[in-house]
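K.L.:
Take a look at the letters that make up each chain.
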Amino acid sequence: MPLWLFIFLGALSVISALGVVIQRNPVHSLLALIVTLMTIGVLFIGLGAVTVGFLQVIVYVGAILVLFLFVIWLLNLQSTPMDSGHLALKLLGALGAAALVAELFAFFVQTPLAPPAAKVASDYGSVLQLSNSLFSDYLIAFEVTSVLLLAAVVGAVALARRAPAEPESERAEPRAARSEGW
Amino acid sequence: MALELLIGAIKAVVVLLLVLNIAAILLWFERKGSALMQDRIGANRANIFGIGKRLGMPNLGLINTLMADALKLFTKEDFIPDGADKFVHGLAPFLALFPVLVTFAVIPFGDTVTIMGHRIDLQAANLDVGALYILATIGIGVYGIALAGWSSNNRWSLLGGTRATAQMISYELAMGLAIVSIVVTYGTLDLQGICRAQGGVWFGFLPKWGILLQPVAFLMLMTAGMAESKRVPFDLPEGESELIAGYYVEYSGSKQAVFMLTDFAEVVLVSALATTFFFGGWQVPYLYHDGFHFPWGSMIALPNVAVAILGVVAFILKVLLFCWLQIVIRWTLPRFRYDQLMRLGWKGLLPLGLANVAVTAVIVVLAGA
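Sequence order for the protein chains is A and B.
Position one of the first sequence corresponds to residue 1 (my numbering), numbered consecutively onward.
Position one of the second sequence corresponds to residue 1 (my numbering), numbered consecutively onward.
It is possible that part of the hints are untrue.
Sample of chain A residues at the chain B side, in silico, Cβ under 7 Å [stated by the list, open to error]:
| hint | residue |
| --- | --- |
| 1 | 57 |
| 2 | 58 |
| 3 | 62 |
| 4 | 64 |
| 5 | 66 |
| 6 | 69 |
Chain B is nowhere near these chain A residues, computed Cβ spacing over 12 Å in every case [said to hold, decoys possible]:
| hint | residue |
| --- | --- |
| 7 | 41 |
| 8 | 53 |
| 9 | 61 |
| 10 | 63 |
| 11 | 87 |
| 12 | 90 |
| 13 | 125 |
| 14 | 132 |
| 15 | 159 |
| 16 | 161 |
Heads up, simulated SDA-like pairs for lysine to any residue below, C-alpha to C-alpha not over 20 Å straight-line [stated by the list, open to error]:
| hint | chain 1 | residue 1 | chain 2 | residue 2 |
| --- | --- | --- | --- | --- |
| 17 | B | 86 | A | 92 |
| 18 | B | 86 | B | 254 |
| 19 | B | 86 | A | 32 |
Worth flagging that the hints you see were computed from the coordinates, not collected in a lab.
C-beta: ideal position from N, C-alpha, C; glycine also.
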């Protein structure tokens, strides 16, 4: 990946990440978040992790952010100016932010700007290489994670199912069915 | 290097024009074809200078649909409703069209040809992970529709947008599973590789097309594809009788035309995917690199370029055939109810797709062992 492209994409992702926080309107924040995650996906692809890059776009942009959009709609979030809170909260927030910046700076200073080039296998980032390591070296971690996700899905369905006391009518069907997917 | 770039650019433009032209022709075909099916005359107005009549031909309405309609749509007032989010309202149609058009980049429309020592792959972008790319672009396609519904500041739009989003996400899974079973069958994510693997014959006469290996996945891809393109019988997001026109009710002029174009481009996309995955893509039965080898033993020798051109023509014909099939289905079936749609997606197609992938995986492992 050429350096100018890397800088352009990096700057784009940082600016749109700022946009997520700064925008008043939640849907505009969501749009900015889409841009951030897309550019990160493209950065992954440009750095050779092709599979991870596409999975990033499929999972985050294609599925998770759509869920965010639904939540924004269903909660009917408005872009009302909020009152900024207690003075003590503001002070604490400023202190926390300063501590975080100091910590990041400390790490940044320690890191060499040009790390020695690591040797990368020729099939680095390919589907074959990724699935080989997922299904051999990291098999247990991978399977445990999938069980965890499955448990979360089952839990969500159980929570959604308990709420309506009405009998299995035609009306209750789509809502229950949709929540299974998440 | 410059030549490579030029070839790449030409291929991209050719693919884009191919898709847009087929989409425009489909618009005419749908109007005139539906009229034929319903025993009407259909589009027949703008008969400029009476040329058709003077030549003794019936007025086919080509000028109407392809020129007069387009001119009208692109010169109409672009109306933005009060209280709409202007930026998102303007962005949404293009967010809807863009992912559909870029998906065509990885679909191979012909074999590799060698012209003056240059090997040219007839595919706009030769990706090793083409199938993943398709899943990614299909996933992004939701936003245009969803944001169009939200930004219009209209309850019908919002309802239509919500319906469309839920529907597209539900059927994306079925579509993904159909693609996964094909990927497992052929052991590659590269679409050109999948097309190549479908060359040759079984038992001396049966073309090695994917439909014979994965008939269930084909039906799932077509069903999910029609639901993704939001056309009858899955057109609940537009449901004229209850939502007027759903997510694009507040769009007019050229932006509305872009939504219409998206619909037809999606029809072409579903056809192209079905062709590539299940009907050999650019493969012509019995046609090999040096010409036809018929099962009865005779052979017609052909030069390399003629074989490549035949491949491209075969691909376009197959795509048109599936476009025709989708239009016929559209004008034959009535609209589903929303709960029926969701039940079909989550309780019908999803378990079926999972079972299909599981069975495919077991067979592939047993056959490989």
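K.L.:
Indicate, hint by hint, whether the structure satisfies it.
P.N.:
Hint check results:
1. 57: 4 Å, holds
2. 58: Interface hint status for residue 58(A): holds (5 Å vs cutoff 7 Å).
3. 62: It holds, given that the least Cβ distance between residue 62(A) and chain B is near 2 Å, below 7 Å.
4. 64: Given a least distance of 10 Å, the restraint on residue 64(A) is violated.
5. 66: Holds: closest Cβ of chain B sits about 6 Å from residue 66(A), inside 7 Å.
6. 69: Check passed: Cβ of residue 69(A) comes within 6 Å of chain B, closer than 7 Å.
7. 41: 8 Å, violated
8. 53: 9 Å, violated
9. 61: It is violated; residue 61(A) is separated from chain B by about 6 Å at its closest Cβ, not greater than 12 Å.
10. 63: Non-interface label on residue 63(A) violated, nearest chain B Cβ at 7 Å vs cutoff 12 Å.
11. 87: Holds, since 35 Å exceeds 12 Å.
12. 90: 31 Å, holds
13. 125: Given that some Cβ of chain B is not farther than 12 Å from that of residue 125(A), nearest at about 10 Å, it is violated.
14. 132: Check passes; 14 Å lies beyond 12 Å.
15. 159: At roughly 18 Å from the nearest Cβ of chain B, residue 159(A) sits farther out than 12 Å, so the non-interface label holds.
16. 161: Answer for residue 161(A): holds, closest chain B Cβ roughly 14 Å.
17. 86(B) - 92(A): The hint is violated at about 38 Å.
18. 86(B) - 254(B): 15 Å, holds
19. 86(B) - 32(A): Roughly 16 Å between the alpha carbons, so the hint for residue 86(B) and residue 32(A) holds.
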